[in-house]
Amino acid sequence: EAAVTQSPRNKVAVTGGKVTLSCNQTNNHNNMYWYRQDTGHGLRLIHYSYGAGSTEKGDIPDGYKASRPSQENFSLILELATPSQTSVYFCASGRGQNTGQLYFGEGSKLTVL
Amino acid sequence: AQSVTQPDARVTVSEGASLQLRCKYSYSATPYLFWYVQYPRQGLQLLLKYYSGDPVVQGVNSFEAEFSKSNSSFHLQKASVHWSDSAVYFCALASTSSGQKLVFGQGTILKVYL
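Taken in order, these protein sequences are the chains called U and A. Residues 0 to 112 in my numbering are what the first sequence lists, from first letter to last. Residues 189 to 302 in my numbering are what the second sequence lists, from first letter to last.
Among the hints, a few may not be true.
[To be verified] Within a straight-line C-alpha distance of at most 30 Å, the following computed BS3-like cross-link-like pairs (lysine-lysine) qualify:
| hint | chain 1 | residue 1 | chain 2 | residue 2 |
| --- | --- | --- | --- | --- |
| 1 | A | Lys212 | A | Lys299 |
| 2 | U | Lys64 | A | Lys289 |
| 3 | U | Lys56 | A | Lys237 |
| 4 | U | Lys10 | A | Lys289 |
| 5 | U | Lys108 | A | Lys289 |
| 6 | U | Lys56 | A | Lys289 |
| 7 | A | Lys289 | U | Lys17 |
| 8 | A | Lys299 | U | Lys108 |
| 9 | A | Lys212 | U | Lys56 |
| 10 | A | Lys299 | A | Lys289 |
| 11 | U | Lys10 | A | Lys299 |
| 12 | A | Lys299 | A | Lys237 |
| 13 | U | Lys108 | A | Lys237 |
[To be verified] Here are the simulated distance ranges between beta carbons:
| hint | chain 1 | residue 1 | chain 2 | residue 2 | range |
| --- | --- | --- | --- | --- | --- |
| 14 | A | Ser256 | U | Ser6 | 38 to 48 Å |
| 15 | A | Thr193 | U | Val13 | 29 to 39 Å |
| 16 | A | Ala217 | U | Leu79 | 38 to 48 Å |
| 17 | A | Leu302 | U | Lys17 | 40 to 50 Å |
| 18 | U | Gly50 | A | Tyr239 | 20 to 30 Å |
| 19 | A | Ser206 | U | Ala2 | 28 to 38 Å |
What the hints contain is simulated information worked out from the structure, not anything from laboratory work. For clarity, every value in this text was computed on a predicted model and none was experimentally measured. Where is the CB? At the ideal position from N, CA and C, for every residue including glycine.
Next comes chain U alone, as it looks inside the complex (with noise of 0.2 Å):
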């Protein structure tokens, strides 16, 4: 069974603090994504990396960073937390081929205060 764990499940930060999450998948896959879910708006992609070391901007990847040092992990990273980024980010893996079949991880709450 495909596996993608993700870290913190919730988090509560400050205006301004820095906010790392973390994602790690024991599928062996290429590529890993970064979504955030906001109603009325789907899932939107943040960032995407097609292997270790590479990361690419998605469909809205202001105010975030990633970093995927290998092939188990990827990070998302705001420097600058605002309230604007209060929402429910997901984590994804794929093989690498042109299959568009994504495995999920369960999400993780993040609320800017």
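With the hints as your guide, set chain A onto chain U.
Same frame as chain U, now just chain A:
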């Protein structure tokens, strides 16, 4: 630009009734299409996918979807719903050029009552 629209934010049906969740897409060629389901406090799980061929695709848990190129649609259907089908359903699209970068619809909240 690619886009996916799910026109129904919320659908409520009684257990045993039939179900259709609507999905419309915008893309110049034939896309890869997906339905994902999100149960409470969980991540998204794949229900079914369409790449090419037979426009009716079968998925898990007796769900099926029908692709229509003329209508740019990929509606999800189930003949008889169960209360455990209550969840949020997302339609998604990937193009041949975007690979696994999925574009999601807004989601439809399904509530099945007894």
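Structure-based check of each hint:
1. A:Lys212 to A:Lys299: holds, 21 Å
2. U:Lys64 to A:Lys289: Within the cut-off at roughly 18 Å; holds.
3. U:Lys56 to A:Lys237: holds, 26 Å
4. U:Lys10 to A:Lys289: Answer holds: Lys10 (chain U) to Lys289 (chain A) is near 27 Å, not above 30 Å.
5. U:Lys108 to A:Lys289: holds, 22 Å
6. U:Lys56 to A:Lys289: This hinted pair holds, its Cα atoms lying about 11 Å apart.
7. A:Lys289 to U:Lys17: Holds, at about 27 Å.
8. A:Lys299 to U:Lys108: holds, 23 Å
9. A:Lys212 to U:Lys56: At roughly 26 Å apart (the allowed maximum being 30 Å), Lys56 (chain U) and Lys212 (chain A) satisfy the hint.
10. A:Lys299 to A:Lys289: Answer holds: Lys299 (chain A) to Lys289 (chain A) is near 29 Å, not above 30 Å.
11. U:Lys10 to A:Lys299: Holds, because 29 Å separates the two Cα atoms, which is no more than 30 Å.
12. A:Lys299 to A:Lys237: With Cα atoms ~23 Å apart, Lys299 (chain A) and Lys237 (chain A) stay inside 30 Å; holds.
13. U:Lys108 to A:Lys237: This hinted pair holds, its Cα atoms lying about 28 Å apart.
14. A:Ser256 to U:Ser6: 38 to 48 Å: With a Cβ separation near 42 Å, Ser256 (chain A) and Ser6 (chain U) satisfy 38 to 48 Å, so the hint holds.
15. A:Thr193 to U:Val13: 29 to 39 Å: holds, 37 Å
16. A:Ala217 to U:Leu79: 38 to 48 Å: Hint holds: Cβ distance 40 Å, inside 38 to 48 Å.
17. A:Leu302 to U:Lys17: 40 to 50 Å: holds, 47 Å
18. U:Gly50 to A:Tyr239: 20 to 30 Å: holds, 24 Å
19. A:Ser206 to U:Ala2: 28 to 38 Å: holds, 35 Å
Every hint, counting from the list given before, is met by this structure.
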